[in-house]
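Here the protein sequences line up with chains D and P, keeping their order.
In terms of the numbering used here, the first sequence opens at residue 1 and continues consecutively.
In terms of the numbering used here, the second sequence opens at residue 1 and continues consecutively.
No lab work stands behind these hints, which were simulated from the structure alone.
Please note: incorrect hints may appear among the correct ones.
Said to hold, decoys possible - No farther apart than 25 Å at their CA atoms in a straight line, the calculated lysine-lysine pairs in the BS3-like style are these:
(1) P:K88 - P:K177
(2) P:K202 - D:K43
(3) D:K43 - P:K237
(4) P:K274 - D:K119
(5) P:K242 - D:K71
(6) D:K71 - D:K99
(7) P:K88 - D:K119
(8) D:K99 - P:K81
(9) P:K88 - D:K99
(10) P:K253 - D:K119
(11) D:K43 - P:K81
(12) D:K133 - D:K71
(13) P:K104 - D:K43
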Amino acid sequence: MPPQITRLVYLTLAIVAVYFLARGFLVPASFGQYGWYRGNALKEIAALPIRYAGRAACAECHEEAAERLAKGSHQGLSCEACHGPGAAHAEDPAEAAPKPENSRFCLRCHEFNLSRPAKFPQVEADDHFPDQKCAECHAPHSPMQAPEDASKRNAKPVKK
Amino acid sequence: MFGFFARAAVGAWAVSVLRPVKAVAQKVAQSPVARSAREAIQKAFVTAQTPTGYDVHAHHWAMAIDVERCIGCGLCAEACKGENHVLKEPFYFRTWIERYIIRKPDPRSFELRGETLVDSPNGGIGGFPPSPVRKENILRTFFVPKLCNQCEHSPCIQACPVGATFDSPDGAVLIDKEYCIGCGFCVQACPYGCRFLNPVTKTAEKCTLCYHRITHGLRPACVEVCPTGARIFGDLKDGNEKNPVRVFIENNKVQVLKPHLGTEPRVYYAGLDKEVR
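Taking the hints into account, I'd like the entire structure generated from these sequences.
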């Protein structure tokens with residue numbers, strides 16, 4: 001074989017070898033584990049911190065509230081829908097628990113809006129006892145009932 | 001001249017020989033035996049890298065949305081931002097709510113319905129203002145929650161030049177932040193407008209179905225906080241009779257967004273109006 005061809009063959013082999021060597025170093029170990037991507041990416045995404053603990057975690061300690069909630073018309077709600085994210089509190093009870101917000105918060109769902117499903121309970125906030133707080137008449141965990149707390153029950157409807 | 005024809009002939013021959021070989025190879029690679037062998041090999045060598053106690057091949061997550069139950073409270077969009085550390089500015093959303101207001105048609109015209117207004121102030125976080133159209137002029141109005149449709153044939157995966165976005169075996173379309181170069185092609189490719197570029201990390205971002213929650217046995221944050229059960233989430237590989245998503249899909253006539261694009265979304269909508277895109 002002519003020497004220039006041999007040299008070309010050696011050069012080609014060397015380039016191919018360098019390519020595979022570099023590839024061995026550059027391609028992450030988990031590449032191709034599940035498909036044409038880095039398998040460790042799944043683990044990294046799955047390792048993000050959790051902020052919402054879930055209803056089951058709340059019910060572990062707050063049994064009474066969970067039971068009351070399960071009986072009322074708010075039974076479909078998760079605790080954290082109103083109380084806010086509570087994973088930190090569930091992890092360590094010393095961490096401050098999230099607090100539900102004021103009456104404005106109830107209106108977020110129950111303020112009248114034309115686009116809401118007609119069967120969903122809604123109020124015109126300006127017409128529906130505007131000077132009172134929602135919790136004076138509606139127990140938040142079971143809103144079709146009056147609150148058990150006597151201090152909140154003495155409120156009277158405002159006459160227009 | 002002769003050389004060209006000879007090469008073309010050899011090329012044609014090679015293609016005609018290789019095509020059946022390729023087809024056979026593909027069939028072999030996709031056969032159940034090959035798949036189980038591949039999974040066995042992967043399990044034998046790389047179990048240390050899977051999330052502990054979570055088998056990606058044992059799940060296939062799906063989301064369903066009951067449009068008629070959505071009240072537009074925006075809790076889902078807010079919870080999503082909190083859970084996934086999405087930027088607070090009103091134009092970065094992994095999930096959001098749209099309000100559709102369809103006007104009545106002009107009585108003198110032959111049309112069935114009038115103009116459609118769509119708005120989503122701050123993605124629905126903090127609720128919606130009263131309708132800008134008077135009640136008498138509205139034909140129909142409703143809210144539609146939107147999120148990544150986790151397509152079976154994702155245009156965003158096709159568009160990514162570096163293979164940073166991929167379809168995980170459990171039914172979520174995810175982004176590898178380490179690989180993403182922030183070119184934004186996927187943002188343009190997504191027909192549902194579900195992606196955005198994070199100006200801090202300079203990488204693309206989208207709904208992961210709260211992958212960090214579902215791999216730990218929790219529901220996505222938006223499903224967790226939805227007060228009316230408008231969002232339904234479950235595992236299609238879960239044979240349990242009470243599996244919420246399976247029950248919902250059995251009991252409702254579901255459809256997907258933009259079916260004509262052939263993306264085969266894995267987010268199923270019930271009660272969808274034709275105006276919803």
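Status of each hint after checking the structure:
no., hint, result
1, P:K88 - P:K177, "20 Å, holds"
2, P:K202 - D:K43, "21 Å, holds"
3, D:K43 - P:K237, "21 Å, holds"
4, P:K274 - D:K119, "22 Å, holds"
5, P:K242 - D:K71, "21 Å, holds"
6, D:K71 - D:K99, "22 Å, holds"
7, P:K88 - D:K119, "33 Å, violated"
8, D:K99 - P:K81, "19 Å, holds"
9, P:K88 - D:K99, "21 Å, holds"
10, P:K253 - D:K119, "21 Å, holds"
11, D:K43 - P:K81, "21 Å, holds"
12, D:K133 - D:K71, "23 Å, holds"
13, P:K104 - D:K43, "51 Å, violated"
The structure fails hints 7, 13 (numbered hints given earlier, in ascending order).
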